[in-house]
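Asker: The primary structure of each chain is shown beneath.
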Amino acid sequence: MDLPHQGYRASAKPRGRAAPSTSDSILFDDTSSAAPAMNNPVYYTPGYNMAGLSNDVQGGAVPNNMFTDPMANAALMYGSSLANQGKDIVNKEISRYMSVNKLKYFFAVDTRYVLKKLMILMFPYTHQDWEVRYHRDAPLTPRQDVNAPDLYIPTMAFITYILLAGMALGIQKRFSPEVLGLCASTALGWVIIEVLVMLLSLYLLTVHSDLSTFDLIAYSGYKYVGMIFTVLCGLLFGSDGYYVALAWSSCALMFFIVRSLKMKILPSLSSDSIGTGPSSKPQFRLYITVAIAVFQPIVIYWLTSHLVR
Amino acid sequence: MAFTLYSLIQTAILCINAIAVLHEERFLSKFGFGVEQGVGGFGDDPGVKAQVLSLIRSVRTVMRVPLILVNSASIVLLLLFG
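Chains as they are written, first to last, in numbering that gives the first Met the number 0: chain U, 0 to 308; chain W, 0 to 81.
Derived from the structure by calculation, the hints contain no laboratory data. Any given hint might turn out to be false.
Stated by the list, open to error - Taking lysine to aspartate or glutamate pairs in the DMTMM-like style, the calculated list, with each CA pair at most 25 Å apart, reads:
id, chain 1, residue 1, chain 2, residue 2
1, U, K101, U, D87
2, U, K91, U, D109
3, W, K48, U, E92
4, U, K263, U, D87
5, U, K103, U, D144
6, W, K48, U, E193
Source: prediction; values computed, not measured.
Generate the whole structure from the sequences, applying the supplied hints.
Answerer: In structure tokens, the structure reads:
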């Protein structure tokens, strides 16, 4: 119910939602004072002054006292304080499990970044500088740094992949709505498994990297872009196109993953002077990176081969 | 390979049960994971074995009570709904 709080003008949607009862319409409706939507005059109580409510229903602030009826006034105040309490509780609970600020960092993207990142994912061989730039100990947002991982592309690619899978199955006349949900949960299950295995291996081998869980989710979500490309080529060009696209996107993705994670997992050995670790450590880190990279084509093949026969 | 939500939950329960069931004296000491071998090495990074050991120990400590509840619930559900 953020619409009234921002003084959102216009849409008929709040009015539609307020249709059931007039008291609801007073609370969530009608802050669009300049809105000419007088199509439902029956929802306005007499003596009700619309202009007074505009932009006054801010968070926590007492709404106006323009009502002639004190009961409605009290109800309005109570209702808005209840809504604010609900919002606070939800925010508190969510921020207990994951920090929303960290999540916001991953979604701070813009068009230029998305285009460049997609190009790098598909053709990473000409990209020169893979270092993630920092700004006073905090990594730069994806808007300012092309190498920063983000969660927008993986999320969108995941959803697009599910839609594409539905379409591919429909072309083969094997579609039903349950299959879509099954495909979605299968892909999600694989992502969760991969992230858990990565976390486990990073923990067991005490690799002190600054890769957080969201970073790992981001890097393992980039394979969906390759999957979409592969499925599209398979649908357009048949079985041969599928295998060519599979090979191309696998190589590109493996290169991308190795180059990106090399910066984060394998520190530059010259500056790593924190005691003398056992000499097998750099080896393990290399194994982890290569294992992650090799795992990608396997999953791509596994999740797309049944779509393109 | 289709993952339904239920099979994912079942997998998770079984895996955590498997980790929680490993008994230190009877089983793990045979493999050199025993409790008397201290985790030592506060200066260095502990090796793989120490990490695995601390992982097993922490899973057992944290998940003991929730596992009792979850296992009872799944037993009841399986009896009722097959």
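Asker: Next, verify each hint and record whether it holds.
Answerer: Hint check results:
Under the criterion of a C-alpha separation no larger than 25 Å, the hint pairing K101 of chain U with D87 of chain U is consistent with the structure, at around 19 Å. Our distance criterion of 25 Å between C-alpha atoms is broken by K91 of chain U and D109 of chain U, whose separation comes to about 28 Å. Between K48 of chain W and E92 of chain U, the direct Cα distance comes to roughly 36 Å. Violation of the 25 Å bound is thereby established for this hinted pair. Between K263 of chain U and D87 of chain U, the direct Cα distance comes to roughly 36 Å. Violation of the 25 Å bound is thereby established for this hinted pair.
A hinted pair counts as satisfied when its Cα atoms are at most 25 Å apart, and K103 of chain U with D144 of chain U qualifies at roughly 15 Å. For the given pair, K48 of chain W sits about 22 Å from E193 of chain U by alpha-carbon distance, which is consistent with the 25 Å threshold.
Violated hints, in rising order: 2, 3 and 4; the structure is consistent with all others.
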